[in-house]
Each structure stands twice: as structure tokens, then as C-alpha cells.
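Asks: Taken in sequence, the protein lines are chains A and L. Going by this note's numbering, the letters in the first sequence line up with residues 1 to 313, in that order. Going by this note's numbering, the letters in the second sequence line up with residues 1 to 225, in that order.
Quick caveat, the hints were computed from the structure, so don't treat them as lab data. Take the hints with a grain of salt, since some may be wrong.
Coverage of chain A stretches by chain L, computed from C-beta distances (three or more under 8 Å per stretch; other residues unrestricted) [said to hold, decoys possible]:
| # | region |
| --- | --- |
| 1 | 62-69 |
| 2 | 72-84 |
| 3 | 94-101 |
| 4 | 108-117 |
Since we're looking at a predicted model, the values are computed, not measured. Positions of the beta carbon are idealized from the N, C-alpha and C atoms, including for glycine.
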Amino acid sequence: MTTAISVAGLTKSYRSGSGLLHPAEEAALDDVNLTVGAGTITGLLGRNGAGKTTLLRILAGQEFPSSGSVRVLGAPPAENEDVLRRLVFVREDQAYPEIKVGQALRVASWFYPNWDSALASALADDFGLRAGKAVQRLSRGQRSALGITIGLAARAEVTLFDEPYAGLDAVARQLFYDRLLADFAEFPRTVLLSTHLIDEAAALFEGVIVIDRGRVVLDAAADVLRGAATRVSGPCLAVDALVAGRPVWERRQLGSQASVVMIEPLSAGDREQARSAGLDLTPLSLQQIVVQAAAGMLAPVPGAGFATERTSA
Amino acid sequence: MSTWVKVARYNLLRPSICLLLPWILPFSFAVGALTARHSHEATGYLLTFFLYFAVQGMQTVGRSLPFGLALGVSRRSFYAGTALLGLALALVSGLVLTALQAIERATDGWGLSMHFFRVPYLLNGPWYATWLTSAVGLLALWVYGLWHGIVYFRWGTLGTLAFIVAQALVVVAGGVIFTSEHWHVFSSAGGSAVGLTALGLTGVVAALAVLLLAGGHATIRRAAV
Chain A
1 MTTAISVAGL
11 TKSYRSGSGL
21 LHPAEEAALD
31 DVNLTVGAGT
41 ITGLLGRNGA
51 GKTTLLRILA
61 GQEFPSSGSV
71 RVLGAPPAEN
81 EDVLRRLVFV
91 REDQAYPEIK
101 VGQALRVASW
111 FYPNWDSALA
121 SALADDFGLR
131 AGKAVQRLSR
141 GQRSALGITI
151 GLAARAEVTL
161 FDEPYAGLDA
171 VARQLFYDRL
181 LADFAEFPRT
191 VLLSTHLIDE
201 AAALFEGVIV
211 IDRGRVVLDA
221 AADVLRGAAT
231 RVSGPCLAVD
241 ALVAGRPVWE
251 RRQLGSQASV
261 VMIEPLSAGD
271 REQARSAGLD
281 LTPLSLQQIV
291 VQAAAGMLAP
301 VPGAGFATER
311 TSA
Chain L
1 MSTWVKVARY
11 NLLRPSICLL
21 LPWILPFSFA
31 VGALTARHSH
41 EATGYLLTFF
51 LYFAVQGMQT
61 VGRSLPFGLA
71 LGVSRRSFYA
81 GTALLGLALA
91 LVSGLVLTAL
101 QAIERATDGW
111 GLSMHFFRVP
121 YLLNGPWYAT
131 WLTSAVGLLA
141 LWVYGLWHGI
151 VYFRWGTLGT
161 LAFIVAQALV
171 VVAGGVIFTS
181 EHWHVFSSAG
191 GSAVGLTALG
201 LTGVVAALAV
211 LLLAGGHATI
221 RRAAV
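With the rest of the complex left out, here is chain L (with noise of 0.2 Å):
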């Protein structure tokens, strides 16, 4: 067994992991049935579950971090495990998704024209195209939390306010250049993506997940505990 698997499996044992996370779908899918006579569309509390990630990737340092140092697991192996256990997950979370999605679609949501597992634009499209959106949207979320993890453990609450400041001036200066520039990547009408597939923002979030994966790493490096 490699020490990244060993490590993915050491993170599973947490109850918030292995005992909770599977409770998370079902019951934000109630709570959607519940409002769904009101809405149809209850699309927005499939987001609790895709949350929940980046808030276990987040929890997967603190005190998971010093005592698997403790038993001489190095901090890149440490982080290659977790993101390890963030990929597998989300590859079995995002294939629920599809499975589900798929049972909606053939039952007419779920007999009550509950939109929960369709989301219009993102996940809407045949199934591979449903697995990939969600696993690759689920991974990125537990890196970013699993980063956020990091620097709150190396800095603390100042720093990760820090943190966050320093990603809202990059989205503000994104946003900036893309609207000077005259990129519209969104046009105004229906919010769907001008030459910009639901696949295509897939392989965009992708991209950003390898670069959360690298930022996550440059910050683990030096992390004493």
C-alpha cells in the first residue's frame, strides 16, 4: 500500500467523512422534496453537498496534519494523500450525482417535476458529461478548502482573513480586466457561456483545481507543527 493511499485512508476515519458526507445528499434532497410543491426547482441545495467538501478538504489539515507527521508521513505525501482521498471521493460522489440525475430524469423528478440533480447549464447534459462536471467541481472545492486548511493552520485567523482578501482583489482585478478588455464570457441573455460549453467551464475549473492543488502544496512545504 503506497503512503498516499495510506494517508487517504487515515483521513477517511474521520466521522465527518465516513459517517457524515453520505447523510448530506439525502438530506438536503428532502428538505428540496419538502419546498418542491412551492418550487420546482430545487437546484440550489444540491449546492450543501458540493459546500460540503471545501469544508472538509478544509478540515483535513488541523489536527489531522501534526499526528500524521507524528507517525513520519512527510508533508507532501501527507498532501498528495488527501487530495488523493478529495479526487476518489468525488469521483464516487460525482457518479452518485449521475446515477441519481438519471433517475430524475426518468421519473419525471422523482414524480413531483422536482428539478434537484438537473442543473440547468452545468449539469444538464448526457451522463460522462454529468460525472465529469461534478467530480472535477467537487475536487476543486476540496482542494480549495484543503488550502484554506493550510494557511489557517500556518497563520492563523489573521492570515487566512489575509487569504481571502488577496483572492477577492485577483477576482476584482480579473473582473476588471475581462470587462476592459470586452471579453464577455457570459452574455446577458439566459447566463449561458458564449463559446463557452458546460464541458469548456469544466476543463476552466480543472485548470484552476491544478493551480489550487500547486498553491496548497507551496504553503504545506514549510508548515511546522
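If we strip away everything but chain A, and leave its shape as in the complex, we get (with noise of 0.2 Å):
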């Protein structure tokens, strides 16, 4: 698998307090390292200001990192048309002239090599987006759905999206999530989504990469994740016996009942060894595993195949 998105070192600081002689520096990001393979979709996940935006915004050429490396399709994306006529980036927050919808379709479909006028009518046709209508009198939900529009019909090898569905509605998500399905299995491309809601997106994703607080505490393959973390519930002793010895995340009991999580794959023995104890094993979705992570609860899993960067303060 080629590459598409490298990074190596990556820090951004912002100068933060008021003091002019010596300015506090805080870091958005810090040392970010990552790789994004080519015609894959991963899902870029963490908390509010954990630095999944600044990261996006680097990856665009939007924003300059303070040090490290970044490389879109082979090179250094800043001030590069090479790499930029080659990539979209939709943000939540874009900030749009004073133009009319059908004027930023238009405009968009000058810039992008692969434009496919089709779709964009398509999609705002779904979306219900009116040509004439003014983008800044647009709502956030139709605002969001320009964003898509634009972002799928540019066809562009590197699509990012920065949490591209603020204020649609459920059914305008699923219409988002099916048309860039359709379109990314006709198409294939480098879609990375930053997004909050995790278990509903969880099935478009390939790989998944949490940030917390600058750093990434998480880079593994979804499939991977997805039978990572079992929560075992049932009689204490049958817990205990199943789980000892082993790496869990948390323990709560009540009673002679107990429910731990249990962060490695179970084997054939051990689902054998739970059913005939009476125990209940229920997979953790992909938005628990990513709870955890950020919160720094994520420890290395032995032979489970992750390529997880532990961070400590």
C-alpha cells in the first residue's frame, strides 16, 4: 500500500497569555507522527481541542507547522499546486464570500482537475440546495451540506473532512455516508474524516487515529479495534479466572458479579471457557475503545497488532 499522508515530528505551537517579553507557548500539536495509506478511509477522532483541525489545516497548507514533517502525495503541501489542485479540504467553520451556492460549485469545479458536475447536481439535489440561494443565508445544516457537495464532486485524491456534518440531520448523514461510499468504491481516493460521532461513522472506517491533547494515542486498523476490547460480566470467580494475569481497563463489581474489560482477542478457548462458566461477552464498539484512548486508559496490547504510540505526560 502506497502512502498518501506522512507526518514525522509534528509540532505546532501557538503563542498563548498576554505577556509580550515572554510569550507562553502551547502546543497544538505535539510530535505527531503518522502514515495514511493511499485509497483508504480513516477516521480522525478525539475531543474538542484535541488538535484534529490544526492537523487537517497543516495537511491543507493552511496552516504552517512550527517543526516536524509533513508530506501530502509525496511532498510538502504548503504553497505546493501540485499537491493542492489534488486535494479538498471541508471544514466545519469554512468561511464562504458572498457568493450564491451555484457560484461555489462553479468555482469549485474550475479548480478540481476531476470535477463531476453530475454529482454535484446530484448531491444537491438530495441535500435540497438551491442554486440561487445565497451561501450566507444558508443554515448550518445546508452550509454543511454545501461542504459535502463540494467535497465529493471534487474527486480529489486527498479528501479531508473536518467534522463535514454539523447540523444535518440523521437521514442527510446516512445520505452522506452512502454517497461517499458509492462514490469513494467507483473512485477510489484518501479520505481522512475528523468526526464526533464515532459508532455512526465507524463502519465507513479502515484505520482509526485518536489525538488527545496533541498527541496521537491511537493508530490501529479498525478491524483490529473492533475485536480489541471485550467487556466479560458474570459470576466474580468465573471473571477472575478468565481474565487473570491478563490486561484489563477497568473492574466494577456488585455483589458477586463482576464486569471487567478485557483488552486482548479472545481466543477460541477462552469464548469456550466463558460459555460454559456463564459468562456474557459483549465487544466493545469502536466509540467505547475511543473513550478510553483518549483518555489515556490505552495500553499497549500484546500480539493484538497495534501500532498504538503510548504517550505520557
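Quick one: dock chain against chain with the hints and give me the complex.
Replies: Set out below in C-alpha cells:
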């Protein structure tokens, strides 16, 4: 698999505080290392203020790194039109000039060599976007729909979505997932999608990157993550027997019943043991795993194939 | 279509340019005509049109730059395309001003003995001089406004204020040097330039425009959106 995005030692600091002589530096990104394979859909997850938008802005050449190297399609993206014209960045807080929806789509079509006008009109229709409406007058959801329309119709080799569906209703969001997958199947590209609606988008992801306080705390294949953690609950003694000496996250106990999250894949033998002991096994959802990862709870999991970068402050 | 031309077309879509700009001249002319019976010198109203160029140059940054960059345009191309639009608008507007000046001459000031398009000293020569001087002036104002737009985009109100104060200091310093060196550029009589014709002044403004262009470029290079 070729690499579409590679980031090494990326740090971005902003001046904070008011001291003119001794300005405090605050790191929005702190020594970030990651790679994203070409032709994959990767989820970029993390809490508000974790650094997701800053990372995407740097990947799109809108912001400059303080240090470290960033390569998109093999070259640094900043001011590099050979890269930029093959990249589209849809952000939640996109500012638009005083233009109409139809004009915004027309302008976008000028700049993207692979622009698909038919797809753009179809998406605009699906989302109920009227070409004659001024972008400034669009509701939050309609504005998101415009961004999504541009992002998909651009058919850019690298497509960056930052919270693309803020304000969109569930039906429109499903429409986005469906259209993204359908178009992706036909025209594979590299998609990096930042979102808070993790479980909703989980089925899209091939890879998952979790950022917390400017650091990558988890970078793994989604398949690996899906079976990676299991909640084991049942009688205390049986639970303890199964998880003895193995990495676990949390342990809850109520009377004679216990519940533990095991963070390694279960073998067939484990499952058989659990069944005969009357234990209940529930795999953790991607969202639950991400919550744990963002909380710094994720320990390196031996043998699970995680490319986890364990960081501690 | 080159990226610069695409950026120019993109900026041209804004209604304050494509809809409003053509109406500034008729409007200020109408005001000039209304007051022409009191004073035949109405050239001051023409200034409105020139200032509108500076304002438009300023406004092409704020919201247009972020969307431009979102569409994969580099800052360099955005800047060049925006300056190119300024140049095209300045050339066309200069031509319009030149034509209207010819009409004003032929009709003895629109039958009102009005001087609107004939500005003493500056725009009062042959047609090509009027075209050149007005186009260069409009372009310089566009680029000047553009630079302010970029400064505001990067450093907000305080930064713009500091920028203006810095300019005032440069002008004052320049003034002090010129007077102490006894470089009398303008004679006290009649306001005409000593050793500097209107075309010579146009050359100075053109050089200034190049400086402004370089300044704006240096400022937009590290702008983050």
C-alpha cells in the first residue's frame, strides 16, 4: 500500500498568554507521527480541542507547522499547487465570500481537474440545496451540505473532512455515508474524516487515529480495534479465572457479579471457557474504545497488532 | 485557464464588484451634476470612484481567501490572481474614464461647463495620458487596499492600526528629509510639479504600486486560515 499522507515529528505551537517579553507557547500538536495509506478511509478522532482541525489545516496547507515534516502525495503541501489541486479540505467553520450556492459549485469546478458536475448537482438535489440561494443565508446544516457536495464532487485524491456534517439531520448524514461509500468504490481516494459521531461512522473506517491533547494516542486498523476489547461479565470467580494475568481496563463489582474490560482478542478456548462458566461477552464498540484511548487508558496490547503510540505527559 | 485567471474570475463574482462597481461612477457623476450650477469644478466627486477601488481591494481578502485556499489555491496564486483582477478592472475603468473625458471635452462639460473627468494637472492631457494615469492610480489603490486587507486578516484591528501608524511615520520622515534637503517637488505656485509632469508622477505612482505589491505578497505568504 502506498502512502498518501505521512507526518513525522509534527509540532504546532501557538503563542498564548499576554506576556510580550515572555510569551507562553501552547502546543496544539506535539510530536505527531502518522501515515495514512492511499485509497483508505481513516477516522480522525478525539475530543474537542485535541488538535484534529490543526492537523487537517496543516495537511491542507492552510497552516504552517512549527517543526516536523509533513508530506501529502509525496511532497510538503504548503504553497505547493501540484499537491493542493489534488486535495480538498471541507471544514466545519468554512468561511465563504458573498456568493450563491451555484456560484460556489461553479468556482470549485474550475479548480478541480476531476470535478464531476453531475455528482455535484445530484448531491445538491439530495440535500435540497438551491443554486440561487446566497451561501451567507444557508442554515448550518445546508452549509455543511454544501461543503460535503464540494468535497465529494471534487474527487480529489486526498479528501479531508473536518466535522463535515455539523447541523445535518440523521437522514442527511446517512445520505453522506452512502454517497461517500458509493463514490469511493467507484473512484478510490484517500479520505481522512474527523468526526464526533464515532459509532455512526465506524463502518466506514479502515483505519482509526485518535488524538488527545496534540498527541496521537491510538493509530490502528479498525478491524483490529473492533475485536480488541471485550466486556466480560458474570460471576466474580469465573470472571477472575478468565482474565487472570491479562491486561484489563476497568473492573466493576456488584455483589457476587463482576464486569471487566479485557483488552486482547479472545481465543476460541476463551470463548468456550466463558460459555461454560456462564459469562457474558460483549465486544466494545469503536466509540467506547476511543473514549478509553482519549482518556489515556489504553495500554499497549501485546499480540493484537496495534500500532499504538503510548504517550504520557 | 490559468490559476491566476480563475482566481480573478472567482473574485469578480462578488456583488460589490460585479454589481456595485459600475454604479459608483454614475452615482457620483449625478451628485456632481446636481452641484454643477454652484461650482463647475466637480472633480472631487471622481475621487469616490478611486477610493472604491481601495475598498474593494481590501475586501477581496477577508472571506474570499479562506474559501480560495479550501479549493486548493496557493496564497501566491490567490494574491497574483487578485492583483490581476485589479489590473484588469483598472485598465477597463481607465478606458471608461478616458472616453467620458473625451465626451466631456466635446460637449463643453455636458452642457453645464462641468469639470468632472478633467482633473487639473492629473487627468487633463491627451487620451493615452489620461488612460495611463487613471489606470495606474486605480491599480495602486487596489493593491494598497489589498495589503490592508491582508494585514487585517492576519493581525486584526490592532495590527491594522499599527500598520497605518507605521505608514504615517514613513510619510512624516520622508517629508522631513525632503524639506531639509530642499527638494521642492511641488512649487508653491499653482500646485504643478517642478520637473515632474503628470506622466512623471504616474511613473512614481507605478513604482509605488510595485512596492505595495511586494509588501502585500510578503504579508500574505505566511497567512493561516
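Asks: Determine for every hint whether it applies to the structure shown.
Replies: Here is what the structure says about each hint:
no.	hint	verdict
1	62-69	holds (count 3)
2	72-84	holds (count 4)
3	94-101	holds (count 6)
4	108-117	holds (count 4)
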